[in-house]
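Colleague: Given next are the chains, with one letter for each unit.
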Amino acid sequence: MDTQTEATWELTSRRIELDDPAGAMEFYYRQGWTDGLPVVPPTPARVREFLEYSGNFPGDILGVIPARNRVITAEKVAINAVMAGCLPNYMPVIVAAIEAMCQESFNLHGISATTGGTAPLLIVNGPAVQQLNINCGVNLFGPGVRANATIGRAIRLILMNVCGSIPGVLDKACMGHPGKYSYVIAENEEGNPWEPLSVERGIPASLSAVTVFAGEAPHHVNSQVGGTGKRLVLSIANTMMGTVYLGGNWILALCPEHVTIFKKEGWTKAQIREAVWEQAARPFDAFKRIAGFHDELIHPEDAESTYHYIHTPDDLLIVTAGGGAGGFSALIPPWAAGADSRPVTRAVGVCIDCD
Amino acid sequence: MTEPFIVLDPTLEVEATRQERAPRLATFHTIGLLDNGKPNSDKLLKKVASMLETCFPDVQINYYRKPGAYRPASNALLDQVAAECDVALVGIGD
Numbered sequence: 001m002d003t004q005t006e007a008t009w010e011l012t013s014r015r016i017e018l019d020d021p022a023g024a025m026e027f028y029y030r031q032g033w034t035d036g037l038p039v040v041p042p043t044p045a046r047v048r049e050f051l052e053y054s055g056n057f058p059g060d061i062l063g064v065i066p067a068r069n070r071v072i073t074a075e076k077v078a079i080n081a082v083m084a085g086c087l088p089n090y091m092p093v094i095v096a097a098i099e100a101m102c103q104e105s106f107n108l109h110g111i112s113a114t115t116g117g118t119a120p121l122l123i124v125n126g127p128a129v130q131q132l133n134i135n136c137g138v139n140l141f142g143p144g145v146r147a148n149a150t151i152g153r154a155i156r157l158i159l160m161n162v163c164g165s166i167p168g169v170l171d172k173a174c175m176g177h178p179g180k181y182s183y184v185i186a187e188n189e190e191g192n193p194w195e196p197l198s199v200e201r202g203i204p205a206s207l208s209a210v211t212v213f214a215g216e217a218p219h220h221v222n223s224q225v226g227g228t229g230k231r232l233v234l235s236i237a238n239t240m241m242g243t244v245y246l247g248g249n250w251i252l253a254l255c256p257e258h259v260t261i262f263k264k265e266g267w268t269k270a271q272i273r274e275a276v277w278e279q280a281a282r283p284f285d286a287f288k289r290i291a292g293f294h295d296e297l298i299h300p301e302d303a304e305s306t307y308h309y310i311h312t313p314d315d316l317l318i319v320t321a322g323g324g325a326g327g328f329s330a331l332i333p334p335w336a337a338g339a340d341s342r343p344v345t346r347a348v349g350v351c352i353d354c355d
Numbered sequence: 001m002t003e004p005f006i007v008l009d010p011t012l013e014v015e016a017t018r019q020e021r022a023p024r025l026a027t028f029h030t031i032g033l034l035d036n037g038k039p040n041s042d043k044l045l046k047k048v049a050s051m052l053e054t055c056f057p058d059v060q061i062n063y064y065r066k067p068g069a070y071r072p073a074s075n076a077l078l079d080q081v082a083a084e085c086d087v088a089l090v091g092i093g094d
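Going down the list, the protein sequences come from chains A and B. Numbering of the first sequence is given in my numbering, commencing with residue 1 and proceeding in unit increments. Numbering of the second sequence is given in my numbering, commencing with residue 1 and proceeding in unit increments.
In isolation and in its complexed conformation, chain B is listed as follows (with noise of 0.2 Å):
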């Protein structure tokens, strides 16, 4: 029987973790909206606060934006929408 041929795994190998999603609110006070920074992302967000204001009137909305499309998004900023929202709506506009 002639000897089995070893190789390697090249790729990570760590399956990523799979988050839970957070628990949906049934009330909230405020929506915060995370524009990417791309262009044209704040007339999409706009449309979208308006929409939002028209279903839920009472409901405060806090509009933050990137430093730019092309990094992530830091920690201070993911922090403070975390602090001053209970929701956030985040996406990419193209």
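The shape of chain A in the complex, shown without the other chains (with noise of 0.2 Å):
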């Protein structure tokens, strides 16, 4: 009889007797398991609701980091994701970013303890984003949006509790940013001329997917009298162009009055992102310079050589979100390792029970 390999739905996470819930609040802060905001006390009836809805048993293997040892089971998860103030229909989004992020070429362990300060963004697209909530329009990194506030926050909570990514011990972060709190958007499929990331990526246009990406604060490309997109393209270009950037992936996310000029004058997602690779470009001597290199590391030779600050035009990763109004779309840089860290995507699964 083997009974090892056995699915159960039993939770074995240990069971604590506090007296009520707020309580449980303050001895949440005690143990060091929150962000440094109160949680929602995870009790065994949320959280077994949070499983359902997946379709994961508890003991289900979401990922593993080697170099930590660590195994993220789906219970941890759903407890992280009460916590984190979430509803039950996100898990799937958020069992599909934990699956993403633990692909090898996402190097979890290196953006989440590195002194650089990233943090997982995550880009959600298809049906999920009017289904869950997802806030693709105004103020697209602020608050106010529950799906956005409460999923990137189990994503870090998760991190904390389950990965051991405590700042200090094992995020070294020297500045972090405000997204290690939350940092969740979605894409405007309806404003959005072009195919959405996740198609581009590969994932069937009827179906949610989750792109992470490790990611710096999202910087402003502020062009609100630009009128053109060749000027638009320099606007980009120019705020691309900041210290040492050593290639790997960025996010640029364009608002719509951006997407609109591009759309008029007929420009593709190529296009946009080989100009962008032409423009973002320096003397190789001048970004060795600006990047703090050593002057026995820069050779007579780089002078007749240029730097371009996404290495090929396919690695500027572009969605349509943001508000209505204003010539502000965004940047996100990508972790100082560049290439080390590489954008996920993955389908969100289907609950086949669920309506």
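Keep in mind that the hints are not guaranteed to be accurate.
[To be verified] Cβ pair distances, simulated, as ranges:
#: 1; chain 1: A; residue 1: PRO167; chain 2: B; residue 2: ALA26; range: 54 to 62 Å
#: 2; chain 1: A; residue 1: GLU274; chain 2: B; residue 2: ARG24; range: 56 to 64 Å
#: 3; chain 1: A; residue 1: ILE61; chain 2: B; residue 2: ARG24; range: 33 to 41 Å
[What the hints assert, rightly or not] To list a few chain B residues with every Cβ distance to chain A over 10 Å, as calculated:
#: 4; residue: ARG18
#: 5; residue: SER50
#: 6; residue: TYR63
#: 7; residue: CYS85
[What the hints assert, rightly or not] One-sided excerpt, in silico: chain A residues whose CB lies under 7 Å from chain B:
#: 8; residue: ARG14
#: 9; residue: GLU17
#: 10; residue: ASP20
#: 11; residue: THR43
#: 12; residue: ASN161
#: 13; residue: ARG289
Calculated directly from the structure, the hints in this document are not laboratory data. Just so it is clear, the structure is predicted and the values come from calculations on it, not from any experiment. Idealized CB from N, CA, C, for every residue including glycine.
Could you fit the two chains together into a complex? Lean on the hints.
Modeller: In structure tokens, the structure reads:
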């Protein structure tokens, strides 16, 4: 008889007896189990509800971090999602995000331990955006929408409580950024004249998908009077040309006003990528000086070559999102190690028993 | 008497198993230096190598480098260091 591999609905996490919910909130603070904000106490009944929604057994392994010898089970994901204030129907998106983050090319250990201070940004596409009311519009990266605020918060709590990314212990970020509380957006597919990000990345349009990206904080591309696609490209390119960006992917969240300008002139995404690649460039020696390279690493021939801030046009991921008024798009630079973390897109599982 | 309010532990709960240190060797012939791939870590390790050469003139020193600082060392690289050296020095240079 082999009972070891038999999946059960039994929750195996340690049960803690407390007096009441208010006392539980304080208890979780004292244990160091919060991100600094109060949490919703995860009762077994509520946790079970979350697992039932995603169709996961508690012991399902959603991912592993070999370098830390950590295993992420569905039960721990559900507990932290409850704590974050999620609704049960957010679970499939969270599960897909965790599975995506545990793909080797994402390098979860690196991006969540680094002094470079990135956070996983989640970009959601497909029917889930409307079903879960995930914000893709006004105040895109700001507060006020439960799905955006709590799905990202669940990711952070899982990173801290399950993966060990405790600030100052395994999370050594020098600066961090506010997206480490929550960093979730959706693409505005109705206002998008191009293929959605998830479709470009191989997911059928009828499915919901989540793309995870290890990014810095968003930077505005302020171009309110530019008026032409060519000038917009210059604004985008110059916003990218900061200090030490060593390749990898960038996210460009194009606001509706900027999308309209490109659309009117008939630009494709490929043309935008190509033009940004071309413009976001400096002589290699100038890049090295700005990036603080030692003199012995700057060679005479560097003046003859060009450094492109995205190494290939395809490294720029474009999504349509943001508020209807204002000429502000946003660029999200990659982790300091650039190509050592690549974005991963994963379809969101379908609950066959749900309506 | 009121019912207790039951909540669940959100952490991994599994204590990391404590690894005993390998026995210290009284004699050795080969030392491996594993560079973690950070800029300038090679300079630090070269200095370490020259100090070791002074202290242990008969010992061979092998130098290894991770492909990058931002990923763990591969099992293949760790196996190679283990196969080719009696002892190895690893650390973080930043």
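Colleague: Hint by hint, say whether it matches the structure.
Modeller: Hints, verified against the model:
1. PRO167/A / ALA26/B: 54 to 62 Å: Hint violated: Cβ distance 42 Å, outside 54 to 62 Å.
2. GLU274/A / ARG24/B: 56 to 64 Å: Hint holds: Cβ distance 59 Å, inside 56 to 64 Å.
3. ILE61/A / ARG24/B: 33 to 41 Å: holds, 38 Å
4. ARG18: Nearest chain A Cβ is 12 Å from ARG18/B, so the label holds.
5. SER50: Given that every Cβ of chain A is farther than 10 Å from that of SER50/B, nearest at about 20 Å, it holds.
6. TYR63: Label holds. Min Cβ-Cβ 20 Å, cutoff 10 Å.
7. CYS85: holds, 22 Å
8. ARG14: holds, 4 Å
9. GLU17: At 4 Å from the nearest chain B Cβ, GLU17/A passes the 7 Å test, so the hint holds.
10. ASP20: holds, 5 Å
11. THR43: Hint holds; THR43/A Cβ to chain B Cβ min 6 Å, cut 7 Å.
12. ASN161: With a minimum Cβ separation of about 4 Å from chain B (threshold 7 Å), the hint on ASN161/A holds.
13. ARG289: violated, 16 Å
Of the hints listed earlier, those the structure fails to meet are numbers 1, 13, in rising order.
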